[in-house]
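Peer 1: Residue numbering for the sequence shown follows the working numbering, beginning at 12 and increasing consecutively.
It is worth saying that the hints were derived from the structure and are not from the lab. A couple of the hints might just be wrong.
Listed below are the simulated SDA-like cross-link pairs for lysine to any residue, each with C-alpha atoms no more than 25 angstroms apart in a straight line [what the hints assert, rightly or not]:
{"id": "1", "residue 1": "K46", "residue 2": "E68"}
{"id": "2", "residue 1": "K52", "residue 2": "T74"}
{"id": "3", "residue 1": "K46", "residue 2": "P77"}
Simulated restraints on C-beta separations [claimed, not checked]:
{"id": "4", "residue 1": "Q123", "residue 2": "M55", "range": "17 to 23 angstroms"}
{"id": "5", "residue 1": "T22", "residue 2": "P56", "range": "22 to 28 angstroms"}
{"id": "6", "residue 1": "E57", "residue 2": "F88", "range": "31 to 37 angstroms"}
{"id": "7", "residue 1": "M55", "residue 2": "I127", "range": "18 to 24 angstroms"}
{"id": "8", "residue 1": "R83", "residue 2": "A125", "range": "33 to 39 angstroms"}
{"id": "9", "residue 1": "G45", "residue 2": "A67", "range": "32 to 38 angstroms"}
{"id": "10", "residue 1": "I127", "residue 2": "E105", "range": "38 to 44 angstroms"}
{"id": "11", "residue 1": "D110", "residue 2": "V30", "range": "18 to 24 angstroms"}
{"id": "12", "residue 1": "K80", "residue 2": "S36", "range": "25 to 31 angstroms"}
{"id": "13", "residue 1": "P25", "residue 2": "A101", "range": "18 to 24 angstroms"}
{"id": "14", "residue 1": "A128", "residue 2": "S36", "range": "26 to 32 angstroms"}
{"id": "15", "residue 1": "A125", "residue 2": "Y103", "range": "16 to 22 angstroms"}
Note that CB positions come from ideal geometry on N, CA and C, so glycine has one too.
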Amino acid sequence: MTTDELKDFCTALPGAQAVLYGAPSNILVVAVEGKKFAYFKTSMPEQWRFSLRVSAERFIELTDMPGVKPARYMGRFHWVTIVDVARFPADYLEELVRDSYARAVASLTRAQRAAIA
């Protein structure tokens, strides 16, 4: 899966919106009703590294894999960074994105969840 395909997949989820933050952050945040579930780094040298939130169990599993590391500043909240999405299995990546999205949706109010559906 390419970075563009992954961006399209993330923004195609119900209620998902992408917001580009310029310097000094230089990230493309994908969120649902203001709750982040994924982001891409847009500046060099880490351009197009992809981060998302995972469960504590998956955090341990994923950070043992080559090309996956705890996300900078967000690792303590079980966010991981995938260095090269093209090398990562597409179906597993989609599963992780859906799980991160579900976590974001679960943290919304009932009214916000109803507005998305």
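Peer 1: Each hint: holds or not?
Peer 2: We went through each hint and held it up to the structure:
1. K46 - E68: holds (22 angstroms)
2. K52 - T74: Answer holds: K52 to T74 is near 18 angstroms, not above 25 angstroms.
3. K46 - P77: violated (28 angstroms)
4. Q123 - M55: 17 to 23 angstroms: Given about 36 angstroms between the Cβ atoms, the range is violated.
5. T22 - P56: 22 to 28 angstroms: Taking Cβ atoms as reference, T22 and P56 lie about 25 angstroms apart, which means the hint holds.
6. E57 - F88: 31 to 37 angstroms: At 19 angstroms between Cβs, range violated.
7. M55 - I127: 18 to 24 angstroms: Roughly 35 angstroms apart at Cβ, these two residues miss the hinted range, so it is violated.
8. R83 - A125: 33 to 39 angstroms: holds (35 angstroms)
9. G45 - A67: 32 to 38 angstroms: For G45 and A67 the Cβ distance comes to about 24 angstroms; the hint is violated.
10. I127 - E105: 38 to 44 angstroms: Hint violated: Cβ distance 19 angstroms, outside 38 to 44 angstroms.
11. D110 - V30: 18 to 24 angstroms: holds (21 angstroms)
12. K80 - S36: 25 to 31 angstroms: violated (19 angstroms)
13. P25 - A101: 18 to 24 angstroms: Because 21 angstroms falls inside the window, the suggested range holds.
14. A128 - S36: 26 to 32 angstroms: holds (31 angstroms)
15. A125 - Y103: 16 to 22 angstroms: Given a distance of about 31 angstroms, which is not inside 16 to 22 angstroms, the answer is violated.
In this structure, the earlier hints numbered 3, 4, 6, 7, 9, 10, 12 and 15 are contradicted, and the remaining ones agree with it.
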